[in-house]
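K.L.:
Protein chains in written order, with UniProt numbering: chain B, 1 to 594; chain V, 1 to 149; chain U, 1 to 183.
Please note: incorrect hints may appear among the correct ones.
[Stated by the list, open to error] Okay, derived cross-link-like pairs now, DSSO-like style, lysine-lysine, Cα gap no bigger than 30 Å in a straight line: (1) B/LYS220 / B/LYS276; (2) B/LYS117 / B/LYS131; (3) B/LYS406 / B/LYS436; (4) U/LYS177 / V/LYS70; (5) U/LYS176 / B/LYS436; (6) V/LYS83 / B/LYS489; (7) V/LYS22 / V/LYS83; (8) V/LYS122 / B/LYS489; (9) U/LYS177 / V/LYS66; (10) B/LYS431 / U/LYS53.
[Unchecked claim] Covered, in the sense of this in silico footprint (three residues per stretch, anywhere, with C-beta under 8 Å from a C-beta of chain U), are these stretches of chain V: (11) 103-117; (12) 122-133.
Think of the hints as simulated: they come from the structure by calculation, not from any bench. Predicted model only: the values in this text are computed from it and were never measured. Here a beta-carbon is modelled for each residue, glycine too, at the ideal position from N, C-alpha and C.
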Amino acid sequence: MKWIPNFNSSNSLRVIFVIAVFILLFLSSIAYKHNQDLNESSKLVMHTYEINIQLERLMSAIKDAETGQRGYIITRNARFLTPYIYSRDKVNTSFITLKKLTADNPQQQENLQKLFKLITLRFVSFENCLKYSDPKTYDKRKLDNHMFGGRILMENIRFKVDEMNDIEKTYLKKRLKIYDAEISLSPLFSISLFLVALSFILLAYRQISRDFERLKVFNKRLLISSGLIAESESIGNFSTWQWDLDADKIDYSDNQFRLLGFEPNAFVPSKETLLKFVHPDDKDAVAKSIDGIIENKQVPFIYYKIIRPDFEVRYFKTTGKLVTDQQGSKILLGINFDITDEHLLNIELQERNKELEKSNKELASFNHVASHDLQEPLRKIQTFISRVSDADKEVMSESGKNYITKIESSAKRMRVLIDDLLLFSRTNTTKKEFIKINLNELLDNAESELAEVIEEKRAVIKSNKLPKLSVIPYQIEQLFINLIGNSLKYSRPDIEPEISISSEKVNACDYPEIVDQSVKKFHKITFTDNGMGFDPQFKETIFILFQRLHSKTDYPGTGIGLAICKKIVENHKGHITADSTLGKGSVFTVFLPD
Amino acid sequence: MQKNALHILLADDDEDDRLFFKDAFEEIKIQTNVNFVHDGMQLMDHLHNEDNKLPDILFLDLNMPKKTGKECLIEIKKTDRLKDVIIAIYSTSSSEEDIEDTFIQGANIYIKKPSDFNTLKKIINEVVTVNWHYHTSGLNRDNFLLRLK
Amino acid sequence: MKLFIKFDINTICSQYLKLNLEQNNVNFTTLGFGEIEIEDNIDAEALENLKTKLAPCGFEVVENQKSVLVQKIKDAIIELVFMDDSNNYKSSVFLAEKLNHSYGYLSNVFSEVTYSSIENFIILQKIERAKQLIIINEMSLTEIAFLLNYSSVAHLSTQFKNTTGITPSAFQRIIKKRRENLK
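Bound-form chain B, shown alone:
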């Protein structure tokens, strides 16, 4: 079914959507990972700074201790010793913190251990300095040595702290570099992915809107065509019904109700209603063919009568076909035609045909009567007259002899009339057997038929090549005989008759006088003579039966010859025309279909 639009694009839409969703999921996972990474790096930085701070604190505690000690040594004021006493605690606190912070790094642990040893040594040196500076135990040389040793230890501590700070810094730098590399790659990638997803969604949107437009258009068309179908059903006097065999549900078109003589949807159709309105005469046949549909999948036309509620009888023609729809359910599709008008017309035509056949038979029997029964007595009259011998005539009176002659000529005329009439009716009634034959052959036959007259009148007949056509041979021969005979009969007495016959192939459209234009090509055969001709105003009437342009005494004839010609040409679905100039000659033109 061609008119159902193809909406397969929804499948591709689905694919586009799935892809877009996957892209988005991917994008969000990447974003999450980046977040994690950033967190990690900031923690690292914090960690490094903490270590740095703790180390600085450590340093400042030692420096405090140093400053306090110096102050005490110089002033001997015990107040200066307070920072020194506290510094030991501070160092320990910082140290524990540092130990915790560097737990994941064995190198720093090792450094820390070394640093701790150095600090312990420094504090030992502080103790010794204090001891040797005390006036009680004062020893200048030992004090100098320990002060100097303390100086070197301080240098070493500072160096170690710096080393630890450096390690921490390079470590941080390295980590930050890795994160930087990871983070710097992602924005371009995510943006392009995002753009792809966006374009997919846009594509899908476009497809959806387009399908929607198409759906609208087809919907409109569907509406129009279903309206048109309903309209054409009522114009064309036909209707449709569908019988869903699986659901056992029958739908009638509106017009189906109307054809049955109801308003649309006046009742719910069922299997029973299919037969309900059928005329009792036809019920069996219709029921049988409905059953047959299911077996044969389709029915030939069935013809039957129905009775409307108002008892009007209508003639129906129905056909049906079993179709399977896309869902696989079997539907019986039926079409009903109300052919009452045609049927009645047909009956009338049949009656007329019968009448025609009857009158044709009558004509044939008239033909027989004319050919046999009417001829018999006439022939007897003529033969008996011919048997009145010259010896018999001798003893007759003059008037008696005269009467005999009159009877003879009248009988002769009647003979000609009957013969011609017979010939005319035979051109109608005898079987029309078309045979392909060379018309030249028929012309030769016609000429040999007329040989006596041709010789007597010293006529010259010229003809060019005639075509080979499918004709009723003896009728065309008769046509030639009549036309040539006509020319010979109405020749001018002072001049030897000359008849020229020519033929050419012509197009029907070039000759408006040919009424039947369904045949395109004709053979135009012209008979031109140099006879006495006739007044052109009679060029139509001369073909009419019994029409004569001359008196019987001048030119004996029956007025049938040219009517026969016309009949013969009509039998061949052709056309005949005549034209003439009085005193110059006539032209008869025969058109025979190719």
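Assemble the complex: chain B is given as a structure, and chains V and U must be docked to it using the hints.
P.N.:
What follows is chains V and U alone, placed relative to chain B:
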């Protein structure tokens, strides 16, 4: 011309025609022996009776009561003993259909009954002469078709 | 199976006659078509006996002298018409030379015996030949007209029609249908 008289049989229901026929044969120079039957049934009885001499020429009217000339013609041509008889159709009809049909059924001669006694004599004379030629001059009788008007 | 047989009537007749005469113990010599010379002297009774024996076979002894001559004329005409080079002869000259009589005499005898003229008989034979050529050889009218020395096809057609009353094509059609009818 012939030692024995020519044997002629005419089947025609019309009394006048039989009369004309008899007179015509009497007036021609050829010695003949003319017999008549009045209808188709009588004709077939006559022909089937083996005591009767077969005619040299059978003149057959087409329009006869009881059995038409055409029926007789077909029957004769189907009968081995009779099928070689020369048959001349002698009829009022001049319909081409009748003529061709009877020739096809095996008639040798078709004569349209003339309306003049002299023509009748002429025709009969010609039939007898041509027939004689066919019998004596080695002509093929299968090709013997003659139409006279 | 259907076969078309072409008869040579002359040969058939001669052979058949010979056979019959031999069966009847007659010594003879053939002088020409339709003419024999019996060598023994036979009496009237024996001759009559021979006649009755030959009659059922379709042979008839021609007695009259004029009839004999007519038969000779006919034979000569048939010979002439069926000769392939008949165009070279004028019939009257041919007959006069062949039969040693003046054409006038022959013509008179022929008409007296047959009630028809030599010319008519020649035409009859020529048309007979034309029929054979149409039916057996399926020759065209043009070929036949040439072979039988007609000035034109029209002339042949006219003579055919005048002799038989039907046209050559009607003749052909009838014979064809008659054969189909027999099948």
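K.L.:
Give me the numbers of the hints this structure contradicts, sorted from smallest to largest.
P.N.:
Result: hints 1, 3, 6 and 10 break, sorted rising.
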